[in-house]
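Chemist: Spelled out, the chains give:
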Amino acid sequence: MKISPAHIIRLYDRFEFLDKEGSGQLRLEDFAEVKELAMNPIGDRIIGAFFSPGQETVDFPSFVRILAHFRPTDKNRAKDSTQPEPVNSRTSKLKFAFQLYDQDRDGKISRAELLQVLREMLGMQVTEEQLESIADRAIQEADLDRDDAISFEEFRKSLEKVNIEHKMSIRFLR
Amino acid sequence: KLHPTSLNFLGLFSLPERALLLVLVLVFLQGSVLPLGAASSPDVSHQDKTDNHKVEAQGHNYTKKAFPVLSIDYHYIQTPFEISLWVLLASLMKLGFHLIPRLSSIVPESCLLIVVGLLVGGLIKLAGEQVPPVMNTRLFFLCLLPPIILDAGYFLPIRPFMENLGTILMFAVVGTLWNAFFIGGLLYAVCQIQPDNPSSLHQIELLPCLLFGSIISAVDPVAVLAVFEEIHINELLHILVFGESLLNDAVTVVLYHLFEEYSGIGTVSVLDGFLGVISFLVVALGGVLVGAIYGILAAFTSRFTSHTRVIEPLFVFVYSYMAYLSAEMFHLSGIMALIACGAVMRPYVEANISHKSHTTIKYFLKMWSSVSETLIFIFLGVATVDGPHNWNWTFVTVTVILCLVARVIGVVGLTYVINKFRIVKLTTKDQFIVAYGGLRGAIAFSLGFLLDPAHFAMREMFLTAIITVIFFTVFVQGMTIKPLVELLAVKKKQEAKRSINEEIHTQFLDHLLTGIEDICGHYGHHHWKDKLNRFNKKYVKKCLIAGERSKEPQLIAFYHKMEMKQAIELVESGGGVKLPAAMPSTVSMQNIQPKKPPPALPPERALPQLSKGREEEIRKILRSNLQRTRQRLRSYNRHTLVADPYEDGLNDFLIKKQKIIELEKKITEMNNYLTVPSAPPDSPTITRARLASDPQAYSVKPTSDSVPTIQVDLASPQSPDSVNLMDEFRNARQPEQDEDRGLMMKPPSEAKGPKRPEDAEGAKDQQRLMRCLSDPGPSADEDEDEPFLP
Numbered sequence: 001m002k003i004s005p006a007h008i009i010r011l012y013d014r015f016e017f018l019d020k021e022g023s024g025q026l027r028l029e030d031f032a033e034v035k036e037l038a039m040n041p042i043g044d045r046i047i048g049a050f051f052s053p054g055q056e057t058v059d060f061p062s063f064v065r066i067l068a069h070f071r072p073t074d075k076n077r078a079k080d081s082t083q084p085e086p087v088n089s090r091t092s093k094l095k096f097a098f099q100l101y102d103q104d105r106d107g108k109i110s111r112a113e114l115l116q117v118l119r120e121m122l123g124m125q126v127t128e129e130q131l132e133s134i135a136d137r138a139i140q141e142a143d144l145d146r147d148d149a150i151s152f153e154e155f156r157k158s159l160e161k162v163n164i165e166h167k168m169s170i171r172f173l174r
Numbered sequence: 001k002l003h004p005t006s007l008n009f010l011g012l013f014s015l016p017e018r019a020l021l022l023v024l025v026l027v028f029l030q031g032s033v034l035p036l037g038a039a040s041s042p043d044v045s046h047q048d049k050t051d052n053h054k055v056e057a058q059g060h061n062y063t064k065k066a067f068p069v070l071s072i073d074y075h076y077i078q079t080p081f082e083i084s085l086w087v088l089l090a091s092l093m094k095l096g097f098h099l100i101p102r103l104s105s106i107v108p109e110s111c112l113l114i115v116v117g118l119l120v121g122g123l124i125k126l127a128g129e130q131v132p133p134v135m136n137t138r139l140f141f142l143c144l145l146p147p148i149i150l151d152a153g154y155f156l157p158i159r160p161f162m163e164n165l166g167t168i169l170m171f172a173v174v175g176t177l178w179n180a181f182f183i184g185g186l187l188y189a190v191c192q193i194q195p196d197n198p199s200s201l202h203q204i205e206l207l208p209c210l211l212f213g214s215i216i217s218a219v220d221p222v223a224v225l226a227v228f229e230e231i232h233i234n235e236l237l238h239i240l241v242f243g244e245s246l247l248n249d250a251v252t253v254v255l256y257h258l259f260e261e262y263s264g265i266g267t268v269s270v271l272d273g274f275l276g277v278i279s280f281l282v283v284a285l286g287g288v289l290v291g292a293i294y295g296i297l298a299a300f301t302s303r304f305t306s307h308t309r310v311i312e313p314l315f316v317f318v319y320s321y322m323a324y325l326s327a328e329m330f331h332l333s334g335i336m337a338l339i340a341c342g343a344v345m346r347p348y349v350e351a352n353i354s355h356k357s358h359t360t361i362k363y364f365l366k367m368w369s370s371v372s373e374t375l376i377f378i379f380l381g382v383a384t385v386d387g388p389h390n391w392n393w394t395f396v397t398v399t400v401i402l403c404l405v406a407r408v409i410g411v412v413g414l415t416y417v418i419n420k421f422r423i424v425k426l427t428t429k430d431q432f433i434v435a436y437g438g439l440r441g442a443i444a445f446s447l448g449f450l451l452d453p454a455h456f457a458m459r460e461m462f463l464t465a466i467i468t469v470i471f472f473t474v475f476v477q478g479m480t481i482k483p484l485v486e487l488l489a490v491k492k493k494q495e496a497k498r499s500i501n502e503e504i505h506t507q508f509l510d511h512l513l514t515g516i517e518d519i520c521g522h523y524g525h526h527h528w529k530d531k532l533n534r535f536n537k538k539y540v541k542k543c544l545i546a547g548e549r550s551k552e553p554q555l556i557a558f559y560h561k562m563e564m565k566q567a568i569e570l571v572e573s574g575g576g577v578k579l580p581a582a583m584p585s586t587v588s589m590q591n592i593q594p595k596k597p598p599p600a601l602p603p604e605r606a607l608p609q610l611s612k613g614r615e616e617e618i619r620k621i622l623r624s625n626l627q628r629t630r631q632r633l634r635s636y637n638r639h640t641l642v643a644d645p646y647e648d649g650l651n652d653f654l655i656k657k658q659k660i661i662e663l664e665k666k667i668t669e670m671n672n673y674l675t676v677p678s679a680p681p682d683s684p685t686i687t688r689a690r691l692a693s694d695p696q697a698y699s700v701k702p703t704s705d706s707v708p709t710i711q712v713d714l715a716s717p718q719s720p721d722s723v724n725l726m727d728e729f730r731n732a733r734q735p736e737q738d739e740d741r742g743l744m745m746k747p748p749s750e751a752k753g754p755k756r757p758e759d760a761e762g763a764k765d766q767q768r769l770m771r772c773l774s775d776p777g778p779s780a781d782e783d784e785d786e787p788f789l790p
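Those protein sequences? They're chains U and B, same order as listed.
Counting in this note's numbering, the first sequence runs from 1 upward without gaps.
Counting in this note's numbering, the second sequence runs from 1 upward without gaps.
By construction, these hints were calculated from the structure, which means they are not laboratory data.
Glycine included, every Cβ here is placed at the ideal spot set by N, Cα and C.
You may find that some hints are simply not true.
To be verified - For each label pair, taking beta carbons as the anchor points, the in silico distance ranges come out as:
id: 1; chain 1: B; residue 1: T480; chain 2: U; residue 2: R119; range: 53 to 63 Å
id: 2; chain 1: B; residue 1: F330; chain 2: U; residue 2: E36; range: 34 to 44 Å
id: 3; chain 1: B; residue 1: E486; chain 2: U; residue 2: K161; range: 13 to 23 Å
id: 4; chain 1: U; residue 1: R119; chain 2: B; residue 2: H525; range: 20 to 30 Å
id: 5; chain 1: U; residue 1: K161; chain 2: B; residue 2: I311; range: 36 to 46 Å
id: 6; chain 1: U; residue 1: L144; chain 2: B; residue 2: N234; range: 22 to 32 Å
id: 7; chain 1: B; residue 1: T480; chain 2: U; residue 2: K161; range: 24 to 34 Å
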C-alpha cells in the first residue's frame with residue numbers, strides 16, 4: 001500500500017481543513033460540516049464508517065486507512081497468498097461496502113437492513129409496500145442459501161458483473 | 001408438355017440451397033429489369049409523352065386508334081419502382097445470407113453485401129447498360145446515413161460512453177488528426193520521390209495529399225457497427241471504437257473543408273490553421289448543441305402526446321432528422337447532432353410514451369438502419385464496378401500500408417498517454433483490437449466522390465485508393481477479426497441481465513463514492529454526476545415528463561421495467577400453463593357478486609376444494625364474459641390503437657395509489673380468502689383462465705354491474721409476478737361501489753400481503769403489455785435496462 005507522499009500531504013491538508021478545532025482528531029461534528037454530505041442519502045453511514053466501533057474520534061492514520069480502500073486497484077499485483085489482501089483490492093472494497101449495509105456486523109444483510117438502506121435512498125418518494133417488494137425481490141434474487149439474508153459471498157456474486165475496481169476508485173488517491 | 005418429373009430436380013437440393021437458388025433467380029430478374037428502366041432515359045419518355053399529348057389534342061381528326069386495354073407505362077413509376085427494387089434486393093440478400101448456415105458465421109455480412117453489389121453492378125454492365133449512379137453523395141448523406149446514426153445514438157449506452165469519454169475523445173480527435181497528417185504527409189513524400197517516368201504522381205501537391213489523408217483517416221461508424229455487432233466484444237472496447245467512429249466526424253468535417261477550400265490556392269497559413277481549430281470547436285459543440293435543443297423539444301412534445309399515441313414515434317424520428325438537417329445546413333457535424341438529440345431525448349421520451357410506441361420506435365429504427373446499412377454496402381459494390389478508376393500501384397499500396405501503420409502507431413502512442421489518466425488501464429490486447437477495428441467505409445468513399453473533378457485531377461486515383469482501402473479493411477480485417485478475438489481470448493460481451501441487486505448496489509456505490517469525494521474535497525467524476533442528477537431531478541424532469549412519472553425515482557422505474565419484462569416472459573412461455581417448476585402456481589379467483597354477502601370462510605386461508613357447483617358457475621361466468629368482450633371488439637377505427645384505457649390511466653393510477661391501499665384495507669376487512677390449489681395443467685379452470693387472459697378477449701368497458709367478472713390471478717408466493725386482469729383497477733376507479741364488490745382472494749403467503757398495490761401496478765403494466773405481445777426482435781435488451789441517467 002503505497003500512497004505517494006504528495007497524496008498524503010494533500011490528505012493531511014484536507015484533514016486539517018476538516019479539523020476545525022485543530023485537535024488532531026476529527027469528530028462527528030467536523031464531518032457534518034461537509035455540506036454535501038448532508039444531502040447524501042447515506043451520508044450518515046459513510047461518516048459512521050470512519051469511526052471504529054466505540055471510538056468517538058478519528059485520527060489521521062485511521063482517516064487515511066479508510067480512504068485507502070478507494071485507491072485504484074493494482075491489476076498486475078502478483079497473487080501472493082502469503083501476503084494479506086491489500087486494502088484496495090476488489091475483495092476489500094466490496095467488504096467495505098458490505099459493512100456499510102451490515103450495520104450490526106453480523107456478517108449478513110438482513111431484510112430489515114436492506115429495507116433501511118432502500119428507505120434512505122428512495123426517501124419519501126415511494127410507499128412502504130413498494131420498498132418491501134423491492135427488498136423481497138432483491139433478497140430472492142441474491143439469496144442462494146435461502147436464509148433470507150445476503151451474506152458477503154452472495155453480495156459479491158451479485159456484483160460480479162460490475163466493474164468494482166473502476167467504480168470504487170478515486171483517481172485522486174492513486 | 002411439362003412432365004412432372006422434369007420439375008422434380010428441385011428435390012435434389014436441400015432447403016437452404018433451394019432458397020439460394022430462388023434468391024439468385026430473383027437477383028437475375030432484377031438485374032434484367034433495371035437496365036430496362038435505365039435504357040429509356042427520362043427525357044426521351046417525357047418527349048414521347050408531350051408528343052402523345054399533342055397528337056391526342058389534335059387527335060380527333062386523326063385516325064382513331066384502338067382503345068388500349070392493357071398498356072405499360074414504366075416511366076410513370078420508374079423512380080419509386082427502382083428504389084423499391086433496390087430495397088427489396090437488399091432485404092432479400094439479407095434473408096438469403098441467413099438461410100445459408102455456415103456462411104454468415106465465417107464471412108461478415110458487410111463483405112457479402114459488397115460482393116452482391118459487385119455482382120449486380122457487373123450484371124448491369126454486362127447487359128451493356130449504364131450503371132445507375134447510386135452512390136449519389138446527397139442520397140448517401142441525407143437518406144442512407146441518418147437512420148444508422150440515429151439508431152446508434154438513441155440506443156447509445158450512456159454510462160460507459162460517459163465514463164470513457166476522455167479516452168474516446170482522445171482517439172477521435174487526436175487520433176484522427178495524427179492519421180490524417182501522417183498519411184497525407186508521407187504520401188506526399190512518397191509521391192515526390194517517385195522517379196519521373198510514367199507516373200503523374202509528382203504533380204500531386206501537399207494539400208491534396210493532406211485532403212486525401214483526412215478523408216481516409218476517419219474510422220467509419222457504419223462499417224464498425226456492421227462488423228462489431230457480429231463479434232460480441234466486451235462493452236468497453238465496443239464503446240471505444242464505436243464512440244471514436246462517431247465523434248471523429250467533427251474532425252473529418254473540419255479537415256475536409258479546410259483542405260478543400262485551400263487546395264486550389266495551395267497554401268494554408270497559420271491563421272487558417274488557427275481558424276481551423278476554432279472551427280473544429282464550433283462544429284463539434286455546435287452540432288451537439290443543435291442536437292440537444294431538438295432533443296429537448298422532442299422530449300417536451302412527448303409530454304403532451306397522451307391522447308394521440310399513434311403519432312408518438314413520428315415525433316422522435318422527425319425531430320431527430322431535423323436536427324441532422326439543421327446541423328448539416330450550418331456545416332456543423334450532423335452526426336454529433338443526431339447522437340446528441342437521441343441521447344438527450346431518450347430518458348424523457350421513454351418516460352412519457354406508451355409501451356407500444358417504444359416498441360415501434362425500436363423496431364423502426366432497427367429496420368431502417370438495417371436496410372440503410374445493407375443498401376450502403378451494396379451500393380459500394382455497384383459503385384466500384386462503375387468506376388471511374390485509375391489504378392496506380394504505388395499510390396494504392398502505399399496508402400493501404402500507411403493506413404495500417406498510422407493506425408497502429410496512433411493507437412499505441414495514445415494509449416500510452418491515456419493510461420496515465422485511466423483508472424482501469426487498457427491492455428495490449430485492448431489496444432490491438434482498437435487498432436484492428438479501425439475500419440473505413442462508405443463515408444470515406446462519399447467524401448471522395450464529393451470532390452470536384454475540376455479542382456482535383458487526381459480524383460479518380462483517390463477514389464480507387466479509397467475503395468481499395470475500404471475493401472481491404474472490410475474484407476481482410478472484417479473477416480479475420482472474429483477468429484482473432486477468439487484466439488486472443490478477448491473478453492466477450494456479458495449477457496447483461498441487470499438484476500435489481502446490481503441496480504440497488506450500483507446506486508448505493510454512487511452515493512458512497514460521492515460522499516467519499518466530498519470528504520476528500522475532491523470534485524471528481526461522481527460529484528459532478530451527482531450534481532447533474534440532482535439538477536435533472538429538480539428541474540428538468542418536471543418540465544419534460546408528463547404527470548406523476550416525473551417524480552418516479554430511477555430505481556422504481558427500473559423495478560417496474562423488470563417486472564414488466566418478467567410478465568411478458570411469463571405470458572410468452574405459454575400463458576402460465578407451464579410455469580417453471582420452482583414456482584408453484586396458485587390460481588386465485590375473484591368472484592364478484594353484487595349485492596350478495598360473501599360466504600364466510602375461515603380467515604386462515606385454508607385450502608378448501610372448489611365445489612363442483614362453484615366450478616360450473618365460474619365456467620359459465622367466464623364463458624359469458626368472453627362472448628361479451630369478443631363482441632365489443634368488433635368495430636374499431638384503423639387509426640386508433642386497440643383501446644388501452646389502463647395504459648392511459650397509468651398516471652391516474654399512480655395518483656390513485658393511495659386510494660387503492662385504502663380500498664384494499666376495506667376489502668380485507670370483509671375479505672374472503674379462497675384459494676384454489678394448483679390445478680393440473682389441463683383442468684378446465686386453468687384453460688378458462690388462459691382464455692380469459694387471452695389478449696384478444698380483453699374487455700374495455702367493464703362498467704356493467706350485473707356481469708360478474710372473474711379475475712384470474714396467476715401468482716406465485718415467491719415472486720411478485722402476477723397476471724392480474726382487470727378488476728383491481730375497476731375497484732380503484734369506483735371506490736364507492738367497492739363495498740358490494742367483494743371478494744379478493746389472495747394466495748396464502750403473507751409476504752404477498754403488502755405486495756398487493758405493487759401487484760396492482762405490475763398487473764396494470766402487464767395488461768398494457770399483453771397487447772404488445774412479444775418482442776422477438778433485435779438484441780440489445782440491456783440498453784433498455786440502463787437507468788434513465790447514469
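Chemist: Does each hint hold? Answer for all of them.
Modeler: How the hints compare with the structure:
no., hint, in the structure
1, B:T480 <-> U:R119: 53 to 63 Å, "54 Å, holds"
2, B:F330 <-> U:E36: 34 to 44 Å, "40 Å, holds"
3, B:E486 <-> U:K161: 13 to 23 Å, "21 Å, holds"
4, U:R119 <-> B:H525: 20 to 30 Å, "27 Å, holds"
5, U:K161 <-> B:I311: 36 to 46 Å, "38 Å, holds"
6, U:L144 <-> B:N234: 22 to 32 Å, "26 Å, holds"
7, B:T480 <-> U:K161: 24 to 34 Å, "29 Å, holds"
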